[in-house]
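Student: Sequence:
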Amino acid sequence: MEAKDGTTSELKVFISNRASVCGECHENLGTKAWITLAGDKGALCLACGDLDQLEFLPSGDAALTRRAKKHSTLSAVVLQWSRSRKRYERQGLLVEAAGLEQAEAECLGDAEVRERKRERTAVRRAEVDQQFVERFAARVRELYPGCPKGRERQIAEHACAKYSGRVGRSASAKSFEPMAVRFAVQAHVRHRETNYDGLLARGSDRQSARGRVAAAIAEVMEAWESAN
0 MEAKDGTTSE LKVFISNRAS VCGECHENLG TKAWITLAGD KGALCLACGD
50 LDQLEFLPSG DAALTRRAKK HSTLSAVVLQ WSRSRKRYER QGLLVEAAGL
100 EQAEAECLGD AEVRERKRER TAVRRAEVDQ QFVERFAARV RELYPGCPKG
150 RERQIAEHAC AKYSGRVGRS ASAKSFEPMA VRFAVQAHVR HRETNYDGLL
200 ARGSDRQSAR GRVAAAIAEV MEAWESAN
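Numbering (numbering that gives the first Met the number 0), first residue to last: 0 to 227.
Among these hints, one or two may not hold up.
Unchecked claim - Heads up, simulated DSBU-like pairs for lysine-lysine below, C-alpha to C-alpha not over 35 Å straight-line:
1) LYS68 <-> LYS11
2) LYS11 <-> LYS69
3) LYS31 <-> LYS116
4) LYS148 <-> LYS68
5) LYS68 <-> LYS85
What the hints assert, rightly or not - Restraint-style ranges between C-beta atoms, simulated for each label pair:
6) ALA96 <-> ALA18: 28 to 34 Å
7) GLY59 <-> ALA104: 15 to 21 Å
8) PRO57 <-> GLN153: 22 to 28 Å
9) LYS31 <-> ARG65: 35 to 41 Å
10) GLN130 <-> LYS85: 44 to 50 Å
11) GLY59 <-> ALA214: 40 to 46 Å
12) ARG117 <-> LYS148: 22 to 28 Å
13) ALA97 <-> GLY59: 18 to 24 Å
14) ARG82 <-> GLU221: 48 to 54 Å
15) GLU114 <-> ALA214: 24 to 30 Å
16) GLN130 <-> ALA96: 35 to 41 Å
17) ALA137 <-> ARG82: 44 to 50 Å
In short, the hints are calculated from the structure, not lab data. This structure is a prediction, so every number in the text was calculated from the model and none was measured. Backbone N, C-alpha and C define an ideal beta-carbon position, used for all residues, glycine too.
Sequences are here, hints too, so could you generate the full structure?
Tutor: Listed below in C-alpha cells is the structure:
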C-alpha cells in the first residue's frame with residue numbers, strides 16, 4: 000500500500016484498549032480485541048477485515064520477522080497503545096503461515112523448526128472443537144466433492160476456531176446449513192485460489208478487491224460443486 004509521500008505503508012491491526020464492536024458483523028468484540036480500521040465502518044474484527052487467516056509473529060527476532068514478511072504476500076503490523084509512553088508500540092506482525100514456515104526454515108535448524116511447528120499446532124488444536132471440525136469438514140466434502148483432498152479439513156479448522164467470530168461458530172453453521180458452509184468455502188477460495196491477498200497488499204480496498212476476484216471464485220466454486 001502506498002502512502003501519500005510515495006513510501007510503502009503497512010496494513011495495521013490494533014489491539015484495542017477499550018470495548019469494541021465490529022462495524023460489519025456487529026459482533027461485540029470486548030476489550031483487547033484485535034481490530035483493523037475501515038473508514039466509515041470504523042473497527043472491523045479480523046475475520047471481517049480478511050486478515051484472520053494470518054499467523055501472529057511476536058516482535059523480538061528481527062531476522063525471522065524480516066524474512067517472514069518477505070515471504071508473505073499479505074502482512075500487517077500489530078500495534079498497541081502505550082499509556083505510559085503515549086504512543087502506539089509495535090507488538091509483532093501478522094504473516095502468512097507459509098511465509099512464516101519458510102522464514103523459520105531459513106533461520107533455524109531442523110529440530111527447532113519441528114519444535115516451533117509442534118507448538119503452533121498445539122495452539123491451533125486447543126482452539127477448535129475437534130468433533131465439530133470433523134463434522135464440518137465432512138459437510139464440506141459432501142457439498143463440494145471436487146474440493147482438493149485435505150482442503151475440507153483446512154476450511155473447517157479455520158472457520159470453526161473458538162472465540163473467532165468466524166462463520167463456523169454461527170448457529171447456522173452449527174446445524175451445517177449449506178449457505179453457512181458455502182461462506183466458509185468461499186472465504187477459503189478467496190484467499191487460496193485468487194490474487195485477493197495480493198490486491199489488499201497493494202492497497203485495494205476490500206470491496207473493489209472482492210469485485211475483481213468474484214468471477215474467479217465463482218468458477219472454482221462451480222468446479223468443486225459439480226465434480227463427480
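Student: All hints, please: hold or fail.
Tutor: Outcome of the hint check:
1. LYS68 <-> LYS11: Roughly 14 Å separates the two Cα atoms, so the pair holds.
2. LYS11 <-> LYS69: holds, 17 Å
3. LYS31 <-> LYS116: holds, 26 Å
4. LYS148 <-> LYS68: holds, 29 Å
5. LYS68 <-> LYS85: holds, 27 Å
6. ALA96 <-> ALA18: 28 to 34 Å: holds, 30 Å
7. GLY59 <-> ALA104: 15 to 21 Å: holds, 19 Å
8. PRO57 <-> GLN153: 22 to 28 Å: holds, 24 Å
9. LYS31 <-> ARG65: 35 to 41 Å: violated, 27 Å
10. GLN130 <-> LYS85: 44 to 50 Å: holds, 47 Å
11. GLY59 <-> ALA214: 40 to 46 Å: Cβ of GLY59 to Cβ of ALA214: about 42 Å, so the range 40 to 46 Å holds.
12. ARG117 <-> LYS148: 22 to 28 Å: Distance hint for ARG117, LYS148 holds at roughly 24 Å.
13. ALA97 <-> GLY59: 18 to 24 Å: holds, 21 Å
14. ARG82 <-> GLU221: 48 to 54 Å: holds, 52 Å
15. GLU114 <-> ALA214: 24 to 30 Å: For ALA214 against GLU114, whose Cβ atoms are near 43 Å apart, the range 24 to 30 Å is violated.
16. GLN130 <-> ALA96: 35 to 41 Å: violated, 24 Å
17. ALA137 <-> ARG82: 44 to 50 Å: holds, 48 Å
Checked against the numbered hints given earlier, the structure breaks hints 9, 15 and 16 and satisfies all the rest.
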